[in-house]
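S.K.: Going by this note's numbering, the sequence shown opens with residue 1, and the numbers climb by one from there.
Honestly, the hints are just simulated from the structure, not real lab data.
By construction, the Cβ of each residue, glycine as well, lies at the ideal position given by its N, Cα and C atoms.
There may be inaccurate statements among the hints.
Claimed, not checked - Only pairs whose alpha carbons sit at most 25 Å apart, straight line, appear in this in silico BS3-like list of lysine-lysine:
(1) K197 x K173
(2) K77 x K105
(3) K134 x K77
(4) K134 x K105
(5) K134 x K79
(6) K105 x K79
(7) K244 x K77
(8) K348 x K327
(9) K248 x K77
What the hints assert, rightly or not - Computed spacing ranges between beta-carbons, pair by pair:
(10) P321 x D390: 49 to 57 Å
(11) K348 x P170: 26 to 34 Å
(12) A56 x D335: 32 to 40 Å
(13) G308 x D222: 25 to 33 Å
(14) R367 x D335: 34 to 42 Å
(15) D87 x G241: 32 to 40 Å
(16) L29 x G263: 32 to 40 Å
(17) P170 x A381: 37 to 45 Å
(18) P60 x E167: 17 to 25 Å
(19) V373 x N90: 50 to 58 Å
(20) G263 x E221: 16 to 24 Å
(21) K197 x N331: 27 to 35 Å
(22) I379 x P170: 27 to 35 Å
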Amino acid sequence: IDQDLADDTRMLRLLQGDVGSGKTIVALLTMLSAVEAGGQAALMVPTELLAQQHLATLEPLCAACGVSIAFLSGRIKGKARDAVLEDVANGTTSILVGTHALFQKDVEFHDLMIAVVDEQHRFGVHQRLELAQKGRGVDMLVMTATPIPRTLTLTAYGDMDVSRLDEKPPGRKPIDTRLVNLERLVETISAVQRAIKSGAKVYWVCPLVEESETSDLAAAEDRHRHLGQILGEDQVGLVHGRLKGPAKDAAMAAFASNENPNGPKVLVATTVIEVGVDVPEATVMIIEHAERFGLAQLHQLRGRIGRGDQASTCLLLYHAPLTETAKARLNTMRDTEDGFVIAEEDLKLRGGGEVLGTRQSGLPEFRLADLAVHGDLLIMARDDTKLILDRDP
Numbered sequence: 001i002d003q004d005l006a007d008d009t010r011m012l013r014l015l016q017g018d019v020g021s022g023k024t025i026v027a028l029l030t031m032l033s034a035v036e037a038g039g040q041a042a043l044m045v046p047t048e049l050l051a052q053q054h055l056a057t058l059e060p061l062c063a064a065c066g067v068s069i070a071f072l073s074g075r076i077k078g079k080a081r082d083a084v085l086e087d088v089a090n091g092t093t094s095i096l097v098g099t100h101a102l103f104q105k106d107v108e109f110h111d112l113m114i115a116v117v118d119e120q121h122r123f124g125v126h127q128r129l130e131l132a133q134k135g136r137g138v139d140m141l142v143m144t145a146t147p148i149p150r151t152l153t154l155t156a157y158g159d160m161d162v163s164r165l166d167e168k169p170p171g172r173k174p175i176d177t178r179l180v181n182l183e184r185l186v187e188t189i190s191a192v193q194r195a196i197k198s199g200a201k202v203y204w205v206c207p208l209v210e211e212s213e214t215s216d217l218a219a220a221e222d223r224h225r226h227l228g229q230i231l232g233e234d235q236v237g238l239v240h241g242r243l244k245g246p247a248k249d250a251a252m253a254a255f256a257s258n259e260n261p262n263g264p265k266v267l268v269a270t271t272v273i274e275v276g277v278d279v280p281e282a283t284v285m286i287i288e289h290a291e292r293f294g295l296a297q298l299h300q301l302r303g304r305i306g307r308g309d310q311a312s313t314c315l316l317l318y319h320a321p322l323t324e325t326a327k328a329r330l331n332t333m334r335d336t337e338d339g340f341v342i343a344e345e346d347l348k349l350r351g352g353g354e355v356l357g358t359r360q361s362g363l364p365e366f367r368l369a370d371l372a373v374h375g376d377l378l379i380m381a382r383d384d385t386k387l388i389l390d391r392d393p
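All chains, full assembly: derive it from the sequences and hints.
M.R.: Quick look at the structure:
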């Protein structure tokens with residue numbers, strides 16, 4: 001990244017790092033390069049909650065080195081908003097963190113040099129460009145927590161240089177992943193009771209029923225009721241995709257907070273929980289009907305735990321009998337925590353057609369090539385292309 005910033009051409013680099021590998025810190029060091037050069041940097045994040053979390057990580061670090069950082073989202077209105085905009089426009093604020101509020105018309109930077117975009121796939125390309133147009137020749141760092149197989153990176157992000165963070169920070173304990181037959185649900189719930197007594201917090205992810213929110217929601221509500229009867233109503237929270245933003249944030253905040261000793265210790269959720277929520281005390285993840293989830297999704301979900309210094313456990317509850325593919329997926333989850341290994345395995349199991357869950361729009365479909373089979377040829381072709389362009393642009 002430093003090399004790119006020193007270069008004459010604009011940087012457009014993709015930083016891939018597994019959940020919890022430290023992308024936020026790399027983003028900060030990148031942004032500080034702009035600040036050192038007398039300019040400004042922006043960090044754009046898809047959701048309010050995630051933006052708040054980045055801010056919580058960055059604020060103390062910025063305070064320690066005397067760099068001014070501000071926050072902007074759609075919810076900041078009136079005078080508070082005007083004050084933020086003024087500081088950004090006159091250069092008092094060096095780093096601005098926020099949601100897509102950052103590229104609205106009225107946001108003007110004094111001298112924007114570097115823009116960092118987190119969870120790139122949530123933003124369209126034009127949004128990325130709109131942010132880049134807020135300055136002259138803005139260097140762009142794009143980050144994603146979804147490890148992408150190398151062949152796919154070349155096709156989906158062929159216009160970007162790619163960096164990988166392929167290890168976890170020291171001191172993180174491995175997550176103990178176990179496969180449990182759904183018939184042992186009663187035992188599982190009593191294990192949850194024991195975990196809560198010892199001070200742990202638990203995520204309970206409900207199954208993908210089908211492609212409809214209503215049926216997923218019904219499954220989550222049933223489980224929420226059931227657990228509430230056993231563990232006590234106030235001990236169990238619920239979050240799902242139909243909750244409005246503020247309600248979702250409130251439910252998450254209640255679960256994350258340690259201030260209320262009677263607050264929820266178990267959070268029942270549909271898959272909305274995937275991205276970027278940081279609760280270090282959460283050390284147990286239970287995924288019901290794990291065989292219905294794709295590998296990438298299971299891996300993202302598991303990444304919600306194991307963020308503190310406690311040992312964590314992930315239970316994959318499955319309904320027997322399993323198909324061969326489902327068995328292979330669950331075994332992969334049990335055997336490795338490396339997102340890049342999991343992504344490659346995912347590509348093998350699915351074939352190239354439908355990669356990383358829902359069809360990513362703009363993903364190339366080749367007439368002949370199959371990414372799962374011909375990946376090595378694609379890499380050779382890419383290298384040859386580069387060579388031709390370098391010799392005769």
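S.K.: All hints are to be evaluated individually against the structure, with a verdict given for each.
M.R.: Structure-based check of each hint:
no. : hint                    : in the structure
1   : K197 x K173             : 21 Å, holds
2   : K77 x K105              : 15 Å, holds
3   : K134 x K77              : 21 Å, holds
4   : K134 x K105             : 9 Å, holds
5   : K134 x K79              : 22 Å, holds
6   : K105 x K79              : 17 Å, holds
7   : K244 x K77              : 19 Å, holds
8   : K348 x K327             : 14 Å, holds
9   : K248 x K77              : 20 Å, holds
10  : P321 x D390: 49 to 57 Å : 54 Å, holds
11  : K348 x P170: 26 to 34 Å : 31 Å, holds
12  : A56 x D335: 32 to 40 Å  : 34 Å, holds
13  : G308 x D222: 25 to 33 Å : 30 Å, holds
14  : R367 x D335: 34 to 42 Å : 35 Å, holds
15  : D87 x G241: 32 to 40 Å  : 35 Å, holds
16  : L29 x G263: 32 to 40 Å  : 35 Å, holds
17  : P170 x A381: 37 to 45 Å : 38 Å, holds
18  : P60 x E167: 17 to 25 Å  : 24 Å, holds
19  : V373 x N90: 50 to 58 Å  : 56 Å, holds
20  : G263 x E221: 16 to 24 Å : 20 Å, holds
21  : K197 x N331: 27 to 35 Å : 31 Å, holds
22  : I379 x P170: 27 to 35 Å : 31 Å, holds
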